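Work out the full structure, taking the sequences as your base and the hints as a guide.
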Amino acid sequence: MKTLYFDCFSGISGDMTIGALLDLGLDLEYLRAELQKLPLGEGGEYSLAASRVVRANLSAMKFDVNMPEDSAHQHPHPHHGASRYHRKASEILAMIRSSSLNARTARLAEAIFTRLAISEGKVHHVSPEDVEFHEVGAVDSIVDTVGAAIGFDALGVERFACSPINVGGGFIHCQHGVLPVPAPATADLLRGATIYSKHVSTELVTPTGAAILSAMVSDFQPLNGFVIDRIGYGAGTKQFQDFPNCLRLLIGEEKTADAGVAERTSSGDSDQILVIEANIDDMTPQNLAYVSERLLELGALDVCTIPIQMKKGRAGYILQVLSPMNRSEILSTVIFQETTTIGIRQYAAKRSALERTMIAVNTRYGRIMMKVSRRNGAVVTVAPEYEDCARIAREHGIPLKEVQAMAVREYQARS
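Numbers 19 to 433, taken from our numbering, label the letters of the sequence shown in order.
For the record, the hints were derived by calculation from the structure and aren't laboratory data.
Computed from a predicted structure; not experimentally measured.
From the three backbone atoms N, C-alpha and C, an ideal C-beta is built for every residue, glycine too.
Hints may be right or wrong, so weigh each one.
[Stated by the list, open to error] Cross-link-like lysine-lysine pairs, in silico, DSS-like; alpha carbons within 30 Å at most:
#1 K389 with K20
#2 K20 with K140
#3 K140 with K368
#4 K368 with K389
#5 K140 with K106
#6 K368 with K419
#7 K419 with K389
#8 K329 with K389
#9 K55 with K106
#10 K216 with K140
#11 K419 with K20
#12 K106 with K256
[What the hints assert, rightly or not] Here are the in silico distance ranges between beta carbons for each label pair:
#13 Y308 with L418: 20 to 28 Å
#14 V196 with L372: 44 to 52 Å
#15 L372 with V293: 16 to 24 Å
#16 E420 with K329: 45 to 53 Å
#17 D260 with Q338: 52 to 60 Å
#18 V293 with K140: 36 to 44 Å
#19 P86 with A367: 38 to 46 Å
#20 T255 with S116: 30 to 38 Å
Written out as C-alpha cells, the structure reads:
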C-alpha cells in the first residue's frame, strides 16, 4: 500500500506541501493544467513558480503562487500576498464541486476545506458555511490546498501517516489580533496529533497545513517496517540560520519483516465510539449513497442506511454513522449539509473489534490486499479487498468471483 509520511520537523503549510510533492515527482505543468479546472472567477488571476532553494544547507523545492501587484498590495498576507476578493467557505466548496477536477481530487480538496471551515467557525463562533477566509481563503491559499489534493491523487497515495509536529512557539499578529502559537483554529485542527515546540519561536504550522493533516491523516502513529521509495523536501518562506525550514515527505511501502509484502494492522481492543443517527424520508437512494461516501472519506468508521416506516406510512431511512470520538462534529456538519434532516441524535457506545491486518498477496494478475481478522491471535475471517479484485477483473476480462477465489487460495498457500 503506497503510503505518504509527513515528517513535520519544521511544521507544515500548503506551499511547503506542494513544494515537497513537486520534489517527489509531481509535474508542475500537470499541476498547472489541473488547477485551471478551478472556476476562480473575478480576482482569480495568479501564476505559479517553483525553484530549488537552500534552507540551512538543505536543498528543497520552493513553490509560490504569485498574485497580480494591484491585489497583492491591497492586503498583506503572511505568506504570499492575499487577494482582495475574500470568499466564504460555502463559495469555496461550491467552486470545488462545480469544477472539472477528477472526483478523487475534488473529494480530497473538499475534505480539507470542510475541516478548515469547521475549526474556524468554532473558534470565531459562526456557522462553518459562513466562515469568511480573509487569509487562507485568498486565491493563493485555495490554490495551495487544491494543488495538494491534485498531488496526492497524481502520486497515487493510498494512505497517509504523520510524525510528531513541531508547531513553533511565541505569538503571531493576524487579522484577529495577537494570538498564541499554534493559533486557535490550527490547534483545533491538530486534535489527535502529537505536537511539540523546538528550535524557533515563531509559527511553523499554518491553518492550511493543519487542515491538510486533519483531512488526510487518520491516525498519527510511528511507522513500522516502512520502506522508503522517494523523498521530497518543500521549503517554507521563513529562513532560519541553523534550522532548515522544510517539510519532508516520504513515499514508500509498509512491509512485514519476513514476507516482503505490505501489511497494516489495527488494534482489536475495545474502544469508545459515537453513534450518529438521522431519520430521513425525502432523499433519493443516490443522494444517500453520495453522503455515505463523503462520511467515510471524512473519517467515519462505518455508515449504513436502515429502511423504516415513518409517520403517516411514509417510507424512510435511518442514516447511521459510527464515528470516532474526535470526528463527531465534522461528520454531523456534513450530515446537515448533505441531507434533508433537521435533527440528529448522538450516543456513546462501546465497540469490541477484531484485530484487523491488511496483507498483500501476489497473484498472476497482480497484487491483491487481503483483510485478515483475528481474535486472540487466531484467524477468524479472511476477505480480499473488493476494489483490487474488481480492478483486476475489469482489466483482464475475468469474472470477479474467480479473482476473489484466486486471492483466497494465494493467501492460504502462503499461510
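Quick rundown of the hints versus the structure:
Only pairs whose Cα atoms come within 30 Å are accepted, and K389 paired with K20 is accepted, the gap being roughly 16 Å. Note on K20 and K140: the hinted pairing is violated, with a Cα-Cα distance of about 34 Å set against a maximum of 30 Å. For the given pair, K140 sits about 27 Å from K368 by alpha-carbon distance, which is consistent with the 30 Å threshold. Distance hint between K368 and K389 is fulfilled; the C-alpha atoms sit about 23 Å from each other, no more than 30 Å.
Note on K140 and K106: the hinted pairing holds, with a Cα-Cα distance of about 15 Å set against a maximum of 30 Å. For the hint pairing K368 with K419, the CA-to-CA distance comes to about 35 Å; that exceeds 30 Å, so the pair is violated. Taking the CA atoms of K419 and K389, the gap is about 16 Å. The hint holds against a cut of 30 Å. About 41 Å separates the Cα atoms of K329 and K389, which puts this hinted pair outside 30 Å; it is violated.
Restraint check: the Cα-Cα separation between K55 and K106 comes to about 20 Å, which is no more than 30 Å; the hinted pair holds. The suggested pairing of K216 with K140 holds, with an alpha-carbon distance near 28 Å, which does not exceed 30 Å. For a cut-off of 30 Å, the pair hint linking K419 to K20 stands: about 26 Å separates their Cα positions. In summary, the hint linking K106 to K256 is supported, as the alpha carbons are separated by about 28 Å, within the 30 Å threshold.
Distance hint check for Y308 and L418: the Cβ-Cβ separation is about 24 Å, which falls inside the suggested range of 20 to 28 Å. For V196 and L372, the Cβ-Cβ distance of about 50 Å falls inside the hinted range of 44 to 52 Å, so the restraint holds. The hint said 16 to 24 Å for the Cβ distance between L372 and V293, and at roughly 19 Å that hint holds. In this structure, E420 and K329 meet the distance hint of 45 to 53 Å, their C-beta atoms being roughly 48 Å apart.
Restraint check, D260 to Q338: a C-beta distance of roughly 54 Å satisfies the suggested window 52 to 60 Å. In this structure the supplied range 36 to 44 Å is violated for V293 paired with K140, their Cβ-Cβ distance being about 22 Å. For P86 and A367, the Cβ-Cβ distance of about 53 Å falls outside the hinted range of 38 to 46 Å, so the restraint is violated. Roughly 31 Å separates the CB atoms of T255 and S116, a value that falls within the hinted 30 to 38 Å.
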